[in-house]
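Let's have the full structure, built from the sequences with the hints guiding it.
Chain by chain, the residues:
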Amino acid sequence: MQSGPIQIPSTGALTHLQRLEAESIHILREVVAEAENPVMLYSIGKDSAVMLHLALKAFFPGKLPFPLLHVDTTWKFREMIQFRDRIAERFGVDLRVHINPDGLAQGVGPFTHGSEIHTHIMKTEGLKQALDAGRFDAAFGGARRDEEKSRAKERIFSFRSAQHRWDPKHQRPELWRLYNTRKNKGESIRVFPLSNWTELDIWLYIHRESIPIVPLYFAKERPVVERDGTLLMVDDDRLPLKAGEVPQLRRVRFRTLGCYPLTGAIESDADTLPKIIEEMLAATSSERQGRMIDKDASASMEQKKQEGYF
Amino acid sequence: MAQKIDQGSLLRFITCGSVDDGKSTLIGRLLYEAKMLFDDQLAALESDSRRVGTQGGDLDFALLVDGLAAEREQGITIDVAYRFFATDKRKFIVADTPGHEQYTRNMVTGASTADLAIILIDARKGVLTQTRRHAYLVSLLGIRRVVLAINKMDLVDFAQDVHDRILAEFTGFAEQLGLADIVAIPMSALRGDNVTQHSDAMPWYEGPALMPYLDDMELPGAAEGRPFRMPVQWVNRPNLDFRGFSGLIASGRIRPGDAIRVVPSGRTSTVARIVTADGDLPQAIEGQSVTLTLADEIDISRGDMLADAARPPEAADQFEVTLIWMAEEPMLPGRSYLLKLGAKTVTATVTSAKYKVNVNTLEHLAAKSLALNEIGICNIGLDQPIAFDAYKDNRDTGGFILIDRMTNETVGAGLLHFGLRRAQNVHWQPVDIDKAAQAKLKGQQPCVLWFTGLSGAGKSTIANLVEQDLFGRGRHTALLDGDNVRHGLNKDLGFTDADRVENIRRVAEVGKLMVEAGLIVMISFISPFRAERRMARELMQPGEFIEIFVDTPLAVAEQRDVKGLYKKARRGELAHFTGIDSPYEAPEQPDITVNTSVMTAREAADAIVRYLVDHRIV
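Residue numbers (this note's numbering), protein chains in the order written: chain A, 487 to 796; chain B, 1357 to 1974.
Treat the hints as calculated values from the structure; they're not laboratory data. Each statement offered as a hint is correct.
Pairwise CB distance ranges (calculated): (1) A:522 <-> B:1720: 42 to 48 angstroms; (2) A:585 <-> B:1537: 54 to 60 angstroms; (3) A:522 <-> B:1399: 41 to 47 angstroms; (4) B:1445 <-> A:572: 35 to 41 angstroms; (5) B:1553 <-> A:575: 51 to 57 angstroms; (6) B:1763 <-> A:731: 53 to 59 angstroms; (7) A:588 <-> B:1763: 34 to 40 angstroms; (8) A:592 <-> B:1553: 57 to 63 angstroms; (9) B:1534 <-> A:568: 57 to 63 angstroms; (10) B:1626 <-> A:575: 38 to 44 angstroms; (11) B:1720 <-> A:620: 52 to 58 angstroms; (12) A:568 <-> B:1537: 54 to 60 angstroms.
In silico negatives: residues of chain A with every beta carbon more than 12 angstroms from chain B: (13) 571; (14) 602; (15) 734.
Each residue gets a CB set at the ideal place from its N, CA and C atoms; glycine is no exception.
As structure tokens, then:
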């Protein structure tokens, strides 16, 4: 938060980033004012970085009035975990990490069980366990509506049944800036303060506000192997190399971060924020292209959300 | 380049049109032209278009907009969706709403946050009934700027006279609605004529293409003219030395040293600091989320409004409003709902429905209640005064939602027009001989014994026996029986849901007056709805309302059929009969339950009296 006071344009209107920032802060405060036990899901990525930054702004000079929750699948990039712990210390936030103990005991992983089962057990089930155990009645998530079709139709305040299910046909209308936060027994709310942000907005804002992000977003020589047209980074020795496969050093970066065996890198020279933004403006593929869990069917995300995935 | 987009403004708009007007095609075209579609999305669109498209293999932009699997399978659009695109000058958020039966609810939702509306017209069909409906809803929600997109010009040979005729007809009734700022653009969204560039096919058209117009259109100067308003959303008190009031500025501007007034309390102070994480600000304007500290320590909590001391908003507890109903369950006057406006949530009752508006013809129709997607003019009453502005002056301090207290659903949206003076001029008259004095004299604890149950369950019989017993003990009682009250006080009411709610409201108020007079009041009414029994309970002090569920299976009550009413209802001669074609909602936690299929009336009455003795009421 090194940038100076916000300058008001002479026309008297706010810029689009200022309007988005104000809207997100309003949403964050509304939840804290009305929910009993909120939590922020922190996935370490760029969207989580922006969401955390907005939350620190919303409650300044007070501290963050809720904990951060990271659902660890044990397959995240090592740099992500280091970054997570650094951030928690730097901002003095209450960070809680949850790993699905059943999945851990069974040794669930993307290579042994496939991406679908791995994601379901370590992410979806792990998330539900952590939310239930913490008795959280509202959970902030960094999802944006421009990411994916089913998210374009999801409310900012999205209700989940006691089983964490989303019912797309039964959503409350959201008018003006009025959010109905009242829950029925057992229900919880997922709240998306970044609903109206686009990927470009996120990068412009990270740049404007000098928000710290995981170095994996910047281009650098990294060891990768190419599989089915996807560049996978060899982040540790758990990646089973196929016969004849030799990791090569290539100049790559990531548009999105997740479990390293499920996240494709792109070849890039963008090693600064302005270069990343330039690259984004010229991009011809969407950021989720690098995410393998979405490829199964075009309704895949909708299905996952109904099961309780964010 | 990054620097430039960083400084762009934001424009939110809504597109209104039916499936056949080419609305989805237009949105798809805008996304495509703004290069918001990536290769992988285009590839998915191409394969979807071949598989389920309606454009004979050509790109079917509608598929981009219909997001959910459930929708694609059924070929319908469920809900409001938001789309995003950006140019070098602006970022755009498009609210896309489907054009079928849920239209009013969805369009009102989408319009509530829009700065501008694009109303689509199929050039071949001209101004239709639904065009009028779109224009009405746009004007109702306070959108001042309208683009009339006269689409499919390619199908009318790009003829100027078609365009001119449609524009003249539209302008005619738009003026009646107060829509003055209208720009008509003839186009073909499918071919791209006049979407991003001026079309050679229509040289007679001299105005801008759609995209350049949206790019350059001047946004209303945010801070100009309107007085400062900020609903207090959250009190920021991290330590004893700091007490800040956080909120989003709904209108106007504020600087340190400005005088503010807190509404409704009326206290005043001056702004000391505008605190943000980026440092204190010299001023803040409409749309910013800030934290203010004040020069004086005054009592302010969430839901209060901070306002320009010289031009404060009114406070009232009775209003005339426009209500847009959004739930399957109809709006019933007399039923209590929660009302949320700004950061304030209060209890509200629709005191009367004046009329409803036919959204197609704008005709006023008599109304006692409102059904899903109906719009009506109503009076509402609140349990406490709130700060407000008329909706036409300020959306954020004049727009509200209504929430059902049982289901917690958002059931309606409302626009405040003005406060009713009635409440302000009728003050509560304190009385010297109060309830406690009355109760002491009579040596009893005044209360309401509320008997609820099906017709024929035995409510009146049991209430009679209880009253005889209490009378014998020297207690002062009154008995209000449903049938008897309907002969007098409530003889103007029928048996529709709306009338049943009013029936209960009146008798509950009468019961309350009698409790004030120190009496033990027996009220024997079917009272089928939980919401009204709860409303009655809330009128009384805690412990004063004793709910007695006279529980009898429908089959038993129907077999008794003392008054022959069940037979009539079964024959269809009696409409809205509880248990037959009108629901009975059994109490979830009654204070006393008596089951008359296994107890005699005498036993039931004795059980109730025992409860009263045990609880030291008699």
